[in-house]
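So the chains spell out like this:
Protein chains: 2
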Amino acid sequence: MNVVGVSQKRQDSPRKLTGIEKFAGDLRFPGMLFARPVGSPSSHAQIDSIDASAALEIPGVVAVLTADDLPIARDANGNPYKTPIAQGEALWAGQIVALVLAETEAAAEDGALAVVVNDSPLPVVTSLSQAMDFSAPPVRAHGTAGGDDEASMHNADAAAKDESEKETLPPNATGSTHFKRGDVAAGFAAADEIVELAIYSDTVHQGYLEPQACVVNIGPLGDLEVYTSTQASFYCRTRVAETVGYPVHKVKVTPMPVGGGFGGKFVLIEPMVAAAAVAVNRPVHLVYTRMEDFVAGNPAPECEISIKLGGKKDGTITALEVRSVFDSGAIGSAPMEIGMILLGGYYRTDNLDIRGYAVNTHKAGGGAYRAPGAQQGSFAIESAVDELCARLGLDPVDFRIKNCVIEGDMRPNGRPWPEIGLKQALEALREHPAWANRAESQKAGRGVGVAIGGWPGGVEPATAVCRLDADGTFTIVLGSSDLTGGNTAFAQIAAEALDIPLNKVAVTTGDTSAAPFAGGTGGSKITYTVGPAVLKAAEEARQQVLSIASDHLEAAVEDLEIADGVVRVKGVPDASISLKQLASMSMQVAGKYEPVYGKGSTAITDTAPGFAVHLVEAQVDGDTGAVELTRYVAVQDVGFAINPALVDGQIRGAVAQGIGWALYEGLVFDADGQPLNPTFMDYALPKAEYVPYIETVFVEVPSVHGAHGSKGVGEPPAIPGPAAVANAIRSATGARITKLPMTASVVLDALGGPVATAAD
Amino acid sequence: MNVVGVSQKRQDSPRKLTGIEKFAGDLRFPGMLFARPVGSPSSHAQIDSIDASAALEIPGVVAVLTADDLPIARDANGNPYKTPIAQGEALWAGQIVALVLAETEAAAEDGALAVVVNDSPLPVVTSLSQAMDFSAPPVRAHGTAGGDDEASMHNADAAAKDESEKETLPPNATGSTHFKRGDVAAGFAAADEIVELAIYSDTVHQGYLEPQACVVNIGPLGDLEVYTSTQASFYCRTRVAETVGYPVHKVKVTPMPVGGGFGGKFVLIEPMVAAAAVAVNRPVHLVYTRMEDFVAGNPAPECEISIKLGGKKDGTITALEVRSVFDSGAIGSAPMEIGMILLGGYYRTDNLDIRGYAVNTHKAGGGAYRAPGAQQGSFAIESAVDELCARLGLDPVDFRIKNCVIEGDMRPNGRPWPEIGLKQALEALREHPAWANRAESQKAGRGVGVAIGGWPGGVEPATAVCRLDADGTFTIVLGSSDLTGGNTAFAQIAAEALDIPLNKVAVTTGDTSAAPFAGGTGGSKITYTVGPAVLKAAEEARQQVLSIASDHLEAAVEDLEIADGVVRVKGVPDASISLKQLASMSMQVAGKYEPVYGKGSTAITDTAPGFAVHLVEAQVDGDTGAVELTRYVAVQDVGFAINPALVDGQIRGAVAQGIGWALYEGLVFDADGQPLNPTFMDYALPKAEYVPYIETVFVEVPSVHGAHGSKGVGEPPAIPGPAAVANAIRSATGARITKLPMTASVVLDALGGPVATAAD
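Quick note, the sequences are listed as chains A and B, same order. Residue numbering for the first sequence follows numbering that gives the first Met the number 0, beginning at 0 and increasing consecutively. Residue numbering for the second sequence follows numbering that gives the first Met the number 0, beginning at 0 and increasing consecutively.
By construction, these hints were calculated from the structure, which means they are not laboratory data. Please note: incorrect hints may appear among the correct ones.
Stated by the list, open to error - Simulated restraints, written as ranges between beta carbons of each label pair:
#	chain 1	residue 1	chain 2	residue 2	range
1	B	M680	A	N280	33 to 41 angstroms
2	A	P219	B	S6	22 to 30 angstroms
3	B	M0	A	L220	47 to 55 angstroms
4	B	N280	A	D11	16 to 24 angstroms
5	B	A687	A	A72	26 to 34 angstroms
6	B	N117	A	V5	55 to 63 angstroms
Keep in mind the model is a prediction, meaning the values are calculated, not measured. Heads up, the beta-carbon is just placed ideally off N, CA and C, and yes, glycines get one too.
Whole structure, please, built from the sequences with the hints as guidance.
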């Protein structure tokens, strides 16, 4: 293989590196209005009136729209379809209560500041314990838009859930899960050691560079043209269409380049912006400010997990008991179920009892963030396992190798794992000098922690097209957004199949009016599911090319080869036809050959879970609690790296995000539900200087269905970070930290105040 | 059949009837400049300098560009690729010599008026006889852009030409044809009567409502986005790409609604506008004024035909001799060859000798106009046949039925006709009351004339896609432009194949980045060649739908039917699944079915020629020469009318155009090549009041390859009009008129001045 398995530059890099990429927010249409949201001052209130009079006097302000002014259709239950705008009742501080539309961005901003919101505050539910209280006031006093199943679009396990058991839930619970196997009481009775931890994780924002951005233009017949930073154009089309009550054919979604999505950009503002455009019959442009994205986005949810893990001195796990509560926010969803499946699914145990709950609170709707639910669940189990090993004096890597699941082992939901590379990744780490020589780290006063993370991987049917063009090059036409270089990988797959150089393949992500279907770019599924579709399409195109050449050259297909831009008879260099000539013969007047148009479809239902094993070396400043990461090793089963540089990039980016989860990031609210740090001045993303050099190690356990054995690689490396860092801190200081983020003050508290550490 | 064969409203009618369609000229992009051409004052001149200083002082004028400023690449011969802008040498009066670009249309217009062209006149060649002179000065003093083969894109016969004989040609001849069969001298010797006519036809403009219009936007990476009123988006992409020297992937052509094309909108201004956009790195908008379209468009060519036809009293044709000269203009092409093939191809004759020439003159480049070449050639042969019958006292319909070609008869180029419906159409006319009772017309002082017209029909490979959408409806994705309701016909074909209502099918014409290939919408080929592709795609989609339903319902495919939006087991109404559910199962997370995506390709090489037979009843005012058409019957073999109303509309529009050719239209030039009537005030299109009620009669001789037997219907009815009108005038007055248009003064001259006519 010449093209796949080799690092290639991303085809979209030049335009991004030079800053000339055009994003949704850069678009301008004649007559376009700029929208600026007015946020609710209260975290829960009846909106009595919106006084727009002062705003409307500002030159350039065209309209101030509330939900009542927007043509938002109602679902079968009579509820308006979900948008971020309040329907008479503000459900969190900063929820959009009105949109100011103006001829300029400045006028819209001035207008938003001039709008007066008159409201009557209602009781507020902010904490998860409050939300689980049977006597708590309902978060939604009136029936307004509920949650959705977006989180389930990231993994096949959650989508396949089957709720056979029902318990009575508090009024603000939106869902629950209960997985049970064996007898946990007996299991704990048989344990030599029992670890009980109370895990907490803050709300975390996806932190994408480009905020939510969408422009909706109106076609001559009133059709909507939605230009948006979306990971999922077809899903976005359906959501916009149902919101405004249009047939899907009257909505065209053009997926624009995404300046970071990480699960947070399936659909959020598009239905609201579309409704606003319909309301005023003009194009409408909305790009969130950073603060709006913090307060009215769809961040990863806060959660609390109580975990109890029992084990024996021989390294056997005897029982696992868990109770978790995940925050759905006011109108979102929570990836609780998949979090619990993973928490209880990494290790074999005969006895487990896992309960999970999702609850509404007065916060922005919860959303998906790169491996949604896995970070929190994995932080719980990987902290508990590490603590158990520490207390029993067991080697944590050997313990994991002994207990980790392999093909055929059951997940909590009763579904067996397919072939996975977890054990191989653990074995690779065991051999790595960073682990093998960990005694040296410890001598230097540094702790070494290890944790794993796995992701089931999403699957969704997809179609790809491979078309020969007039100049003898090929175009791959897809319906999937390219977030992280996927289109470059697809070009590699096609070039390899067609025996042509990479630069002879262009990849087009079409709009929803003409593109073949693909699901959202999320859940680590695009390379895994679209890749084989591209391969099939390219192979079909190749057969069509060879068939034409066979007829033209009067040679058998099996005697032909494609090389140097021509199809030629093997061993007879003069008997050839160029791809350009061949294109011409199939696309010209009176041409006798059909156009080359290969199609490939997949409907893969077998998932290809990916696992990462991370090692962190850390030292802790005993005076301040500050944690410095001094070494980072990321081992991962990637199936097959179609483009090693891109896989490497995925891992490095994910590790940085994991470090953010571990040490820095968390949206904080006061008791009234007011956000305290919704800016990048106050909300700390890890800067480059806080991310150590990352050593990546690929393990390649090929998947059955992925092109060349590839599998999704985006989400697994975002998972182990928090637990690996916590375990390194435990290794360095003996302190077990169970709250994310593990800021210096949290660590200092856990140490019991300023102390001398081994690193001093 | 429920959906095809039934008149259905055009899907694009509402937006056109209500005036809300958005055409290319309606587009606006940020930073866009309006272009206004500066036309050459001389019909042939060396351009010494362009003084733009005054223009550049006008506020809003940004640039004045000449060919030297445009990045126009050169072809393999070192010549710049063809654009309408002069390359140092002005080749006709009104040729674009500079483009003024300005922030507003008004500034561009003022700027164009302020540009001073300093040139040195060169000798002018305007008439066809001058152009055939061996001592004439060359039309192109310097090697500049030559012709192209656009005319050949309209029919398969011309494209398949094989020039085996070469004669020495005068310097301004661009091509020649010689068809020979038998012994014409012997044929004429055996004739009882010989008709010799000198036919002349003016330059005729396509007369579309929307002038040439194109906007070129520039993407972030410098990619060109061409929005244009084109009949042929893929061909346009190739032409633009080669002109600016880009790979085709860096050019995206979005075909906009075409406000009338009639062959004149394959490609004309797009390469020039693209080069201008590249030159200034800003979007450029050019919409021709009506006058620009007259002087710098690509009209149907002037031509002269000498025809000599011999026949016997028994109705046998003994010989046909023809010499024709067609005008290519300065940089265009002429459909001389196909004109000659048709002229000599309608009737069986053992002896023929046909020579044709195409020549350059100092006029705008010749282009294609609905059945290019056929109007002129048919006017010649159908006038001669009518005259022969009149002189021999033969019934002109019986004569045609006796002599007309049927399947297997040879065309002048030695290619046999496939099955055609000419004879059936003539027989249908013979039975029509307008012909059967023609004596009554004659009693009323009216003449009755008949003429035929045939078109070989184009073929070109094509691909179509049929996609199931989220709401259970289908989308047909195509690369062909919809000029005359083709997309409605395709929706009918798909709906019929899928057993769904017509309103459940949308048809999308995609841009060149994502659409499957189709040729230009011209040559009466789109329904014939894309239709079967749509049918195959829909049938494949249907099979995919049934296959999914079969698995889901656990029933054999052959027991299933599609009806009422569901797939159900025949006779078991409860065993069903809706198309929407089926769409969901094939396009959702963890879906186990591949997306429904049917593909159909065709590479039909057998043409399906179409024939029309027209009858005109006319009366002539002997005092003025004015001709009034009092009855019009249009009989046509349409193969199968997928949408009778649309076929009817095609015929009515074509008849009106034929009446324009016959009586009103002609671009007139003075001896210096200056156009005398380039406005709709002076150039007469037939108004509604001059077009009589048209009776249409369909004959359906099914084609072998067209969907349901359909064949192209657009061009045949545009052909017979001029001869039918001339023959009616002959019938009414005895005068044979051989010059088009047959204006009142031409008729009066032919009558020998004011005379009493039978109609008085």
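Violating hint indices (sorted, rising): 3, 5
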